[in-house]
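Undergrad: So the chains spell out like this:
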Amino acid sequence: MHLVLIAVLPFLGALLLSAMGNIRRDAQAVLALVPVLAGLWVLGGMVPAVLGGAVLQFHADWVPALGLGLTLRLDALALLFCALILFIGLLIVIYARFYLPAHEALGRFLALLLLFQGAMVGISLSGNILLLLVFWELTSLSSFLLIGFRSETAEGRQGARMALTVTGGGGLALIAGLVLLGHIAGTYELSALLTQRTQVQASPLYPLALVLILLGCFTKSAQFPFHFWLPHAMAAPTPVSAYLHSATMVKAGVFLMMRLWPVLAGSELWFALVASTGLVTMLLAAVVGFFKQDLKGILAYSTVSHLGLMTMLLGLGTPAAAMAALFHLLNHALFKAALFMNAGIVDHEAGTRDIRKLGGLATLMPISATLGIIAAASMAGLPPFGGFLSKEMMLEQAADTRWLGQSWLLPMLAVLAAAFSVAYSLRYIVHLYLGPVRDSYPARPHDPPFGLWAPSALLVALTVLVGLFPNTLTHAFMVPAIAALTGTQGTAFHPALWHGWTPALAMSAVAVASGAFLLWRHKGLQRGWEGAMLPDAKALFDTAIERLVSLARLISDAIHNGSLQRQLAVLFVAAVALGALGMAEGGYRPGTHPTLPASPVAVVAWLLLLSSIVAVLVAQQQRFLTLVFISVIGLVVSLAFVYLSAPDLALTQICVETVTILLMLLALNLLPKKPRRISSMARRVRDALIGLAGGGAVGFAAYAVMTREPNDPISAFHWAKSLSEGGGHNVVNVTLVDFRGFDTFGEITVLGIAALTIFALLQPAARGAAGQRLRVWVADLPRSPERHPMMFAVAARVLLPLASIIAIYIFLRGHNAPGGGFIAGLVASIAMLVQYMASGFEWTDARRRIDEHRLIGLGVTIAALTGLGSLVFGYPLFTSAFGHFHIPLLGDLELATATLFDIGVGMTVIGAVMLALAELSHIAVRANKDNAAGREDGPMDIDPARLWAEQQREAALPTPPARPEGEA
Amino acid sequence: MSMEFLIASAIGALTWAGIYLSLRGRTFPVVLGISMLSYAINLFLFAIGRLKVGAPPLYEEGLSNYTDPLPQALVLTAIVISFGMSALTVVLALRTFLETGTDQVDGEPDPAIDPLEGDRAEWIERRNAHRIDMIGEERL
Numbered sequence: 001m002h003l004v005l006i007a008v009l010p011f012l013g014a015l016l017l018s019a020m021g022n023i024r025r026d027a028q029a030v031l032a033l034v035p036v037l038a039g040l041w042v043l044g045g046m047v048p049a050v051l052g053g054a055v056l057q058f059h060a061d062w063v064p065a066l067g068l069g070l071t072l073r074l075d076a077l078a079l080l081f082c083a084l085i086l087f088i089g090l091l092i093v094i095y096a097r098f099y100l101p102a103h104e105a106l107g108r109f110l111a112l113l114l115l116f117q118g119a120m121v122g123i124s125l126s127g128n129i130l131l132l133l134v135f136w137e138l139t140s141l142s143s144f145l146l147i148g149f150r151s152e153t154a155e156g157r158q159g160a161r162m163a164l165t166v167t168g169g170g171g172l173a174l175i176a177g178l179v180l181l182g183h184i185a186g187t188y189e190l191s192a193l194l195t196q197r198t199q200v201q202a203s204p205l206y207p208l209a210l211v212l213i214l215l216g217c218f219t220k221s222a223q224f225p226f227h228f229w230l231p232h233a234m235a236a237p238t239p240v241s242a243y244l245h246s247a248t249m250v251k252a253g254v255f256l257m258m259r260l261w262p263v264l265a266g267s268e269l270w271f272a273l274v275a276s277t278g279l280v281t282m283l284l285a286a287v288v289g290f291f292k293q294d295l296k297g298i299l300a301y302s303t304v305s306h307l308g309l310m311t312m313l314l315g316l317g318t319p320a321a322a323m324a325a326l327f328h329l330l331n332h333a334l335f336k337a338a339l340f341m342n343a344g345i346v347d348h349e350a351g352t353r354d355i356r357k358l359g360g361l362a363t364l365m366p367i368s369a370t371l372g373i374i375a376a377a378s379m380a381g382l383p384p385f386g387g388f389l390s391k392e393m394m395l396e397q398a399a400d401t402r403w404l405g406q407s408w409l410l411p412m413l414a415v416l417a418a419a420f421s422v423a424y425s426l427r428y429i430v431h432l433y434l435g436p437v438r439d440s441y442p443a444r445p446h447d448p449p450f451g452l453w454a455p456s457a458l459l460v461a462l463t464v465l466v467g468l469f470p471n472t473l474t475h476a477f478m479v480p481a482i483a484a485l486t487g488t489q490g491t492a493f494h495p496a497l498w499h500g501w502t503p504a505l506a507m508s509a510v511a512v513a514s515g516a517f518l519l520w521r522h523k524g525l526q527r528g529w530e531g532a533m534l535p536d537a538k539a540l541f542d543t544a545i546e547r548l549v550s551l552a553r554l555i556s557d558a559i560h561n562g563s564l565q566r567q568l569a570v571l572f573v574a575a576v577a578l579g580a581l582g583m584a585e586g587g588y589r590p591g592t593h594p595t596l597p598a599s600p601v602a603v604v605a606w607l608l609l610l611s612s613i614v615a616v617l618v619a620q621q622q623r624f625l626t627l628v629f630i631s632v633i634g635l636v637v638s639l640a641f642v643y644l645s646a647p648d649l650a651l652t653q654i655c656v657e658t659v660t661i662l663l664m665l666l667a668l669n670l671l672p673k674k675p676r677r678i679s680s681m682a683r684r685v686r687d688a689l690i691g692l693a694g695g696g697a698v699g700f701a702a703y704a705v706m707t708r709e710p711n712d713p714i715s716a717f718h719w720a721k722s723l724s725e726g727g728g729h730n731v732v733n734v735t736l737v738d739f740r741g742f743d744t745f746g747e748i749t750v751l752g753i754a755a756l757t758i759f760a761l762l763q764p765a766a767r768g769a770a771g772q773r774l775r776v777w778v779a780d781l782p783r784s785p786e787r788h789p790m791m792f793a794v795a796a797r798v799l800l801p802l803a804s805i806i807a808i809y810i811f812l813r814g815h816n817a818p819g820g821g822f823i824a825g826l827v828a829s830i831a832m833l834v835q836y837m838a839s840g841f842e843w844t845d846a847r848r849r850i851d852e853h854r855l856i857g858l859g860v861t862i863a864a865l866t867g868l869g870s871l872v873f874g875y876p877l878f879t880s881a882f883g884h885f886h887i888p889l890l891g892d893l894e895l896a897t898a899t900l901f902d903i904g905v906g907m908t909v910i911g912a913v914m915l916a917l918a919e920l921s922h923i924a925v926r927a928n929k930d931n932a933a934g935r936e937d938g939p940m941d942i943d944p945a946r947l948w949a950e951q952q953r954e955a956a957l958p959t960p961p962a963r964p965e966g967e968a
Numbered sequence: 001m002s003m004e005f006l007i008a009s010a011i012g013a014l015t016w017a018g019i020y021l022s023l024r025g026r027t028f029p030v031v032l033g034i035s036m037l038s039y040a041i042n043l044f045l046f047a048i049g050r051l052k053v054g055a056p057p058l059y060e061e062g063l064s065n066y067t068d069p070l071p072q073a074l075v076l077t078a079i080v081i082s083f084g085m086s087a088l089t090v091v092l093a094l095r096t097f098l099e100t101g102t103d104q105v106d107g108e109p110d111p112a113i114d115p116l117e118g119d120r121a122e123w124i125e126r127r128n129a130h131r132i133d134m135i136g137e138e139r140l
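Chains A and B, in that order, are what the protein sequence lines are. For the first sequence, counting from 1, position 771 maps to 771 in my numbering; every step adds exactly one. For the second sequence, counting from 1, position 2 maps to 2 in my numbering; every step adds exactly one.
A portion of the hints provided could be inaccurate.
[What the hints assert, rightly or not] Taking beta-carbon pairs under 8 Å as the criterion, some of the chain A residues facing chain B (in silico):
no.	residue
1	S563
2	I633
3	L649
4	Q653
5	V656
6	T658
7	L663
8	P672
9	I690
10	G694
11	G699
12	P710
13	T735
14	L761
15	A912
[To be verified] Below 25 Å or equal to it, Euclidean Cα-Cα: the simulated SDA-like pairs (lysine to any residue) are:
no.	chain 1	residue 1	chain 2	residue 2
16	A	K673	B	I113
17	B	K52	A	T595
18	B	K52	A	L608
Rather than coming from a laboratory, the hints here were simulated on the basis of the structure. Backbone N, C-alpha and C define an ideal beta-carbon position, used for all residues, glycine too.
Generate the whole structure from the sequences, applying the supplied hints.
TA: This is the structure we're talking about:
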């Protein structure tokens, strides 16, 4: 459980920080420190057990069917990495507090930093490789936000995008690779996976899985040729560079290679890929770093180079080399984080990071200079610092490795890389701190406040101490960590400054001497380097992205040209072809289900339907006529439902039919009525043939289904449990509100969204081009001289209460007889729509008391709450409870929570239908207003209510005395 | 002729007309086509429960002759949703027409039906004539 705490703490801190908003900067820093300190404290409590060889585990199921478990696992390797993340994170928070200028949002920055920390801790603790993937992606995302923290600068945005593209792309490869690995091993749990080395490496899928996993690791750890994103990520504020790009995130790739080392390492392929990539990266980046002019650029390439060093060591595949990699990971984190902080201090105090404008800072900022020089010396691999120890180990390992069939090649290249490493490190010291003091610094350099240099001082002290007393300080945790990394015990770990006259010492000496020589000749070399016209990685990347985008555009343009007709035709033809293919392979046997004889009435209805379909097609140019025929089709379909024992469907269909036709009429009012034909004859014949193929296939399939014996155990279940568990006789309604309540909930949500979309589409239609067209619109159909016929208005008003009662009745009986929320909602909406038709939009709208938006929202909420309510009582979602109640007048009534749910359904239906139609008629009214300017949109030409009221008033008044003539 | 044949052929005919209309070049027939396809699909889904006469799915103890209730429940919501879909497409068609002045699905300009195209004066004249017409009606 404590493991969960460690994993969750940073996220909690991030949440808290972003929720707190505008508290003082010191309070924000403290708030960020608390979860980190707490994490370190909890972790500290586990140290004795883990160093004793125990593996602490926590497991909870997440998606067991996929092998995805919330497994957290702490062994000595994870402990080392996790402690490093938390410890350096602690220092970074302090540093950031003093580094970030007052106008930048410290709270947001620290929240993002903690989010990132949580992701990194998650990677180190993951005991399930699928879970690891989740955290892996999270580091990519959070680092994107951190690199782009200064989103107002172009470099920030571009650097963030590039980092996300490269690491995100690698992440995709990693997903495939880890899934493959889990598939080979038969488990995604790390503990079980780590023992499967033979099985994994024997699999034919091993090379593929390995390449994919390495793609993920190499992109994350900036290995050649994916190294280019890291220098561009330096646009981030320096604390981010110090944390993500030296100590933690870029090490995630190295860490994963270490984590999977027992399973993946040791094969020929592993050596060829990993060692070679590491070697090339180490050398190349060291050379480039030597020629960079930006302090952070130098450090960035140096980081790439050192990551290459670790990768190469892991690639060698021997436990001793892996040990060296792990030890260097530790040392590098110490000195590189310190150096980034140092470069940040120089930037902060001297106002520039351009090394050409700097120099001679040693006397001006002595504390920073001391720290920077020691850290750089450790980076150079000079004794007596930590960096020297691990570099010696690296050279020792390199000395007896054959590469490309040559025994001298790898040692020589390693020495060359080390020489450049010495050269850029010395350059950092000499060109930055030594030399004459200048008078042209952009600012006046001086030592920063304590809070800014203290974190790096601590790191520098550690690197010195590790160098001087390596055994005392590191032996206790390095040995179990190496055992955890390699999966074997007994790898010798004897770090010491003096090993005697070894080849490694000689190589080291050569490297230092050549490094010093390189620095001496720097000016000339730099000129040569800049004249060499080397390819610029960013330009290459941008061109590649551009090409990719235009290729994608080319393909999508070729596939679809924006023509709906063409796309639909392809879709229909493809569907028919697939169906035909399935038919050809499956074969056809006539079914044995007994058929129903067709009654004469059915045949007549069928003929009516067919002729209506033909009539719709023929009358296409007269759009109003097509609506009449369409409604005939709807009626016949409703009749079919009635006849074939589906009363609920018949009721729904006939109501929906009414509403749909109304809607189409309203829309057609504003659409062209008789546009000219645009399809050619050939086109029409082609479409008719496609339709014939599709219709024939669907009809045939329907016939085949209907003449087969049903196979419906689910339906039998619904039937059997309807009364006993759903409390209703109407199985259809019980299914809707209970068995499949969640489905219904989804449906009404969709309906509500559709209505709101209609609202959003029509609300702004009065503006812009649409508004202009609406204003010049002319009602082009003959109109009734009587706009609101009295008979209709009166009848509609009398009908409203009656229809409402019917709606309520249909609603209440719905659980036991045909009816329910859907139908009741539709009936109620129709009753109200009739008012709009009879008395006009404005009159009715003015009397409308309920807001449709609220109705939709309320309906969906009620349905959701009812569904959730069952959880409170410990039942699955959308389980209903019911009971019988005796209510006076109404008699014995059954009330179920499903009734409440159904109320929600009904409300949503009313709201959605009313909103859609009211909006549509409103837009017509708006168009009309201009035309009928000055005309009052009265409910009817003669309003009996008003007349009656006037008569009453007149009757109440005393009769005025007859006026004398001539006064008028 | 069996009932099954009638329903199957009706489904086929509706699908045929639905596909044909969906492939037309103007928005309104496409909306009609979608409606037709909705009818066809709803009928098909319903028919999967097999056809029965006089056996509505109202539960009674011991009754064994009943229609499959499950497809009916599915179709019921499908009918309501298809209303939502028709409404949305028709409104989309309307807004597109108002915004672009064409009701062709591929957005080809169509000056013949665009109120803003062609002779502007003629439109205004027609509008005024219409107004006078209506006032005249009122006088009657």
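Undergrad: Any hints from earlier that this structure breaks? Give me their numbers in increasing order, please.
TA: 6
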